[in-house]
Amino acid sequence: MRLYLVPVMFFIAFSMALAGPCRAAQMTPYQIMKKSEDLLDQAKDSKSDMTMILINKRGSKRVRELISYGKNLDNGVKKALLVFKAPADVKGTSFLSWSFPGKEDKQWLYLPALARVRQISSASKGDSFMGTEFSYYDMGRHHLDDYTYKLLREEKVGDQMCYVIEATPKEKKYYGKVISWIRKDNFIPARMDFYDKNGRFLKQNMIKKIENIQGINTPMYMEMHNVQTNRTTIIKLSNVHYNIGLPDRFFTERYMKRGR
Amino acid sequence: MKIDHGGPKLGIIFILIWILSSPAAYAFNYEGLSFDGHLESRGIKPINSGTPKEDMSYELELDTERDLGSWGKFRIALRAIDDGKVIDPRNKHPFNTFNKVYQDRNPSINFDEAYIDIYTDRADFRLGIQKFAWGRLDEINPTDNLNTQDLTEFAFPEQSVRKIGAPAFKADIYSDLFNTEIAWIPRYVPYRLPTPEERWFPPILKPPTVVHSSSGDIPVTTHYEDIDLPAFKLSNSEIGIRISKYIKGWDTSISYFSGYDPTPLITGTTDITVELLDPSSFKTQIKTDAYVKPRLHRLQVFGFDFTNTIGKFTLRGEFAYYAGKYYSRKTEDIMREETTKEKQKEIMDKFMKNYFESGMKESRQVFHMNPDVEEKKNSMKYGLGLDYIRGDTNLSVQWIQEYIFDYDKSRPVYLNKNGVDTTFTISIKQLYLQDTLEIGLDGMYGVEFRQYLLKPYVTYSFTDNLKGTIEARILQGRYTDSAIGQFRDNDEVYLSMRYSF
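Here the protein sequences come in this chain order: C and G.
Those letters in the first sequence? Residues 1 to 260, by the numbering used here.
Those letters in the second sequence? Residues 1 to 501, by the numbering used here.
Just so you know, nobody snuck in bad clues.
Below, in silico cross-link-like pairs of lysine-lysine (DSSO-like), each with a Cα-Cα straight-line distance of 27 Å or less:
| hint | chain 1 | residue 1 | chain 2 | residue 2 |
| --- | --- | --- | --- | --- |
| 1 | G | 248 | C | 257 |
| 2 | C | 61 | G | 429 |
| 3 | G | 245 | C | 103 |
| 4 | G | 293 | G | 330 |
| 5 | C | 173 | G | 429 |
| 6 | G | 350 | G | 361 |
| 7 | G | 92 | G | 293 |
| 8 | G | 73 | C | 85 |
| 9 | C | 85 | C | 208 |
| 10 | C | 209 | C | 177 |
| 11 | G | 248 | C | 44 |
| 12 | C | 85 | C | 236 |
| 13 | C | 91 | G | 131 |
| 14 | G | 206 | G | 417 |
| 15 | C | 91 | G | 73 |
| 16 | C | 173 | G | 248 |
| 17 | G | 312 | G | 429 |
| 18 | C | 208 | C | 184 |
| 19 | C | 91 | G | 429 |
| 20 | G | 467 | C | 236 |
| 21 | G | 345 | G | 287 |
| 22 | G | 293 | G | 409 |
Under 8 Å between C-beta atoms, here's a sample of chain G residues computed to sit facing chain C:
| hint | residue |
| --- | --- |
| 23 | 38 |
| 24 | 131 |
| 25 | 308 |
| 26 | 309 |
| 27 | 314 |
| 28 | 391 |
Hint data in this document are derived by calculation from the structure and do not stem from the laboratory.
All C-beta atoms, glycine included, are put in the ideal place defined by N, C-alpha and C.
Chain C extracted, bound-state conformation:
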């Protein structure tokens, strides 16, 4: 999952493909992440369709369909817009975030029922995004320098050998730490474990399908399981497009209301 593609989940920042395994072995974990960021920034903007499947502990499912837009600006500002398409009672709801390097994010929510755009505090980013196991923070966009990294070991996930990298936030706002299993063959994460601020295991993300789109390895299917609540959210991507020339004004109240 791409930071700027679908503004979903910072764990992608820990995991994007590098030039090759031998080079990665010679790099520090931070250098790996920085390299990933540089690769991510190949695309200036992106658009994709997203399906979220919410599964509760009894196994019943609810489905959310969204369109996701993202853009990286030259000054390091990252912008993202999510627009809900289904179900009917949330259709037209949109979420806009502007992420500034070294500053608090700005976030807005548009609810069609109120017909007003509401600025929301980014201090609440650790909260669940629309009932999913992803938080607003996960759905936003992040900066690598907010974390320190450590290579723990190498081990298999399924039949894929992986590097295991621990990311510890410099300031424990949302997570205590995140451990990523990075596939050695393509440097895409296969698994990510999230720990809460008290150090307890919180949730696990499994990335089960990857596609190369316009030369960029893109996770297309993710399954986030919250071990504390026994709930799961699946995210499926489709119709992913990079570098489509989204203008800056796309990431404003005007397009939140327009819904596309």
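Given chain C's structure and the hints, the job is docking chain G onto it.
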């Protein structure tokens, strides 16, 4: 829907229900054409004894949108309701009209919105029936005066639903400096009130049934008349301009509105009939006919609003200055002026004079009275709101105040005490079970009138499409001539089941 009319009426609503019960009728999206909506059944159970009972009501909303690609879209949102209203036999079609305050059709259909959007590089245009949303506060927006509201159920449902779409033209012009919204409403669309027989008709708009005078009690018969709309010409149109700018984290706007005051204002004239029953003893009978009619006044509003986040909170603010706003004077005060001994003597003297000048033929005479029922004042209304979101908990509080300049205590007006009216609102919402269960409380407290409205509720989503709500609506107030206090016998339990498609 506020009285028992002897059983629910079916008609077209149920035909639509039947059609929609077919699996083939579920929402679809075909080549840019989308079709959404909901079907809702509602029940009301009044808590206080003695208030009218209500039938089940049904609502069907259909929202059709045609995406016209990068240059625009076309949308029609229809709302059909079967709610057990009083029916005027002269009604020939079910569509609510844009020229009446008292809408008495059942079933009724509203064009909530019906417009075409045209997008260009630097501007968006919207032409058709539309709703505007200005300001930053919730439910009470001092700067938001472009749409009137459907007040047939007082403050229910929420403001965005109560708003009546107006045929209008809107232009949103975007520049690097600021964004400008220009709205033009060629013809005022009146607010809606329930008919006087209904449960939510405001008691403060009802004249007394008897006037106590020095010569005895005088019976009053009230006649409710509908509004006279201003002539359809350019000078009677309404316009609004709002300029918005994002400044270092602050979303800010300034606005101007020139149009008709969307607040209900009722004026009354009175015909006093004096009839000589017995010429030998000069025994007379006096009756009064009161004619109550909505009245319009133009208004200018200068406003600004802002919002920003401060730590974990979102701060919202809104201010409006009203130049030349009319207020309704209190009935009791008007009656006191109109029923003085001097005025009664003046009428009787005129009656006797006419009687004798007519050769004792005019034994029944009508005197037309046009009391001064309004006060024109400059005023301002402003408020602040604070939101806090933590986990699945949402908390929002607001403080809103209205201040009337040069308030004359000897001529009191409704809904304001000594020139000030202060309201606090609170909204608490807690989500459970992945947002499927919502428990909340909405409340409002009026300081000067010691009145409050409480709405505790529980909503549960059985599926993505099916949602049920149970809500209590508790209204209380020390004074029966206050906004909420006048409905203190209207407590009710509200149940609804909504199927979205």
